[in-house]
Amino acid sequence: MGAGDAEYFYKEFGEKYSKEDLVSLDRYQVINKITINNVMSHPFPAYTLPLAQSSNLNRDKVLRVSRERYARKRDL
Numbered sequence: 012m013g014a015g016d017a018e019y020f021y022k023e024f025g026e027k028y029s030k031e032d033l034v035s036l037d038r039y040q041v042i043n044k045i046t047i048n049n050v051m052s053h054p055f056p057a058y059t060l061p062l063a064q065s066s067n068l069n070r071d072k073v074l075r076v077s078r079e080r081y082a083r084k085r086d087l
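For the sequence shown, the working numbering gives the first residue as 12, with consecutive numbering after it.
No wet-lab data here; the hints were simulated from the structure.
Heads up, the beta-carbon is just placed ideally off N, CA and C, and yes, glycines get one too.
Check each hint, because a few of them may be wrong.
[Unchecked claim] Cβ-Cβ distance ranges computed for the label pairs, FRET-style: (1) Ser65 / Leu87: 31 to 37 Å; (2) Ala14 / Asn67: 33 to 39 Å; (3) His53 / Asp16: 35 to 41 Å; (4) Ile47 / Arg75: 46 to 52 Å; (5) Glu31 / Lys84: 51 to 57 Å; (6) Glu79 / Glu26: 52 to 58 Å; (7) Arg70 / Ala14: 35 to 41 Å.
Work out the full structure, taking the sequences as your base and the hints as a guide.
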C-alpha cells in the first residue's frame, strides 16, 4: 500500500494501526473490519491466498481466434 492509500485507510483503521503499519503490510496481508450481528468488529490482520498458478494451455488458440475475429490486415 502506498502513502496516499495509507492516508485514506488510516481513517478507518487508525484506532489500532498507524499509517506506517499500513504501508508496511506484507504480501497478501490485509487489515479487516467485519460486521457480526450488525456490530462492526475491531480491525484485525489476516492473510489472503496468492492467485492460483495458471497454466493456460489455450493461450495460442485464444490469440489465434481473437486475431481471426477482430484483427484487420495492415499495409506495411
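Numbers of unmet hints, in rising order: The structure conflicts with hint 3 only, although it agrees with all the remaining ones.
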